[in-house]
Amino acid sequence: MSDINNSFFYKNLKDAVSNLSDYPEEEEYRNFIFNGEYLNPIAQLVYEYNKILLHYTDLHGQSFPFSKRDDFKRVLERLYDEINSQTIDDIDAIKSIIVHLDLELGIEVYFTSTLSKLVEKQIDFVDYNEYASFDYDELAKHYSYGGRGKNPS
Amino acid sequence: MGEEILKKINNNNYKIVNELIDLIIEENIKSEEELKEYQDNLFKIDGKLMNHEEEIDYCVKTILSTPASEGLFFLDMQEVINFKENVNSLSIEEKNKRVIIIYSLMNLDMMLPYDAYKLIMSNNL
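Which chain is which? The protein sequence lines are A and B, in order. With the numbering used here applied, the first sequence closes on residue 246, and no number is skipped along the way. With the numbering used here applied, the second sequence closes on residue 146, and no number is skipped along the way.
Be a bit skeptical, because a hint or two may be false.
Think about it this way: if two alpha-carbon atoms lie no more than 27 Å apart in a straight line, the pair counts; the simulated DSS-like pairs of lysine-lysine are [said to hold, decoys possible]: (1) B:Lys57 / B:Lys29; (2) B:Lys82 / B:Lys65; (3) B:Lys116 / B:Lys82; (4) B:Lys28 / B:Lys105; (5) B:Lys105 / B:Lys65; (6) B:Lys51 / A:Lys161; (7) B:Lys82 / A:Lys166; (8) B:Lys82 / B:Lys118; (9) B:Lys105 / B:Lys51; (10) B:Lys82 / B:Lys69; (11) A:Lys166 / B:Lys29; (12) B:Lys28 / B:Lys65; (13) B:Lys65 / A:Lys166; (14) A:Lys104 / A:Lys214; (15) B:Lys118 / A:Lys166.
What the hints contain is simulated information worked out from the structure, not anything from laboratory work.
With the rest of the complex left out, here is chain A:
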């Protein structure tokens, strides 16, 4: 338990949840106004992907152990493909994965309504170390079925 409490991910999660306002949808709307213009949903994903990529490259990613760095690189490559595909199958799964990566890297969560919904649904948040294999599909499955990749139904 002490490991969990000391984890960077859980500290970021705790901070992000405590910073959630009573109106996360409005907060999220404000987060995506750039130069007076509200970004469309795809542009929001692109913005978030690039924000994560820049932080991963410039800051935290450099200090990751090789295997973790490699796992994150693969997740980011897949995220890029998903966002740039002409038909996005599950935008909520993509947003959840983006929120997860924000928390892993310790950067501000912009999809606050997604975070709020995950908290309301009592999703079992677990960090990188607790995944048997940390990849895009595993993350998507995790956030689709409520935790640890298991379907609660």
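Position chain B against the provided structure of chain A, taking the given hints into account.
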């Protein structure tokens, strides 16, 4: 450098912003000067650099000789066709901007990243 580009994102340029940030990370480009050098080197033939207008014309010829058929949305296809039909009547500035957009629509590798950067940073893209 990436952070300042990202701040200029909008509903029209987000794909180009994405490509540009990907490129500067991939090529480890740290400054405007390095980006200019990178672009110029793309057009270096036998050690000789092209001037800016020649760079743009090279890209125009590539667009004209590349079929825009597969995987394009109807409106994007219209944009490409319209460019091909009217390119000769465009000013060099307009040609430059449209080349950057059409390259992105056609999923061609970015050849004018420095120009894209300058247009994005000056809110012209």
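Here is how each hint holds up against the structure:
1. B:Lys57 / B:Lys29: holds, 19 Å
2. B:Lys82 / B:Lys65: holds, 16 Å
3. B:Lys116 / B:Lys82: Measuring from Cα to Cα gives roughly 12 Å; hence the hint holds.
4. B:Lys28 / B:Lys105: Not satisfied, since the Cα-Cα distance of roughly 32 Å exceeds 27 Å.
5. B:Lys105 / B:Lys65: Given pair Lys105 (chain B), Lys65 (chain B) holds - Cα atoms ~25 Å apart, limit 27 Å.
6. B:Lys51 / A:Lys161: holds, 25 Å
7. B:Lys82 / A:Lys166: It is violated: about 36 Å lies between the C-alpha atoms, which goes past 27 Å.
8. B:Lys82 / B:Lys118: Status holds; Cα separation ~15 Å.
9. B:Lys105 / B:Lys51: violated, 35 Å
10. B:Lys82 / B:Lys69: This hinted pair holds, its Cα atoms lying about 19 Å apart.
11. A:Lys166 / B:Lys29: Answer holds: Lys166 (chain A) to Lys29 (chain B) is near 25 Å, not above 27 Å.
12. B:Lys28 / B:Lys65: violated, 32 Å
13. B:Lys65 / A:Lys166: violated, 32 Å
14. A:Lys104 / A:Lys214: holds, 20 Å
15. B:Lys118 / A:Lys166: Violated, at about 32 Å.
Consistency with the previously given hints fails for numbers 4, 7, 9, 12, 13 and 15, ordered from lowest to highest.
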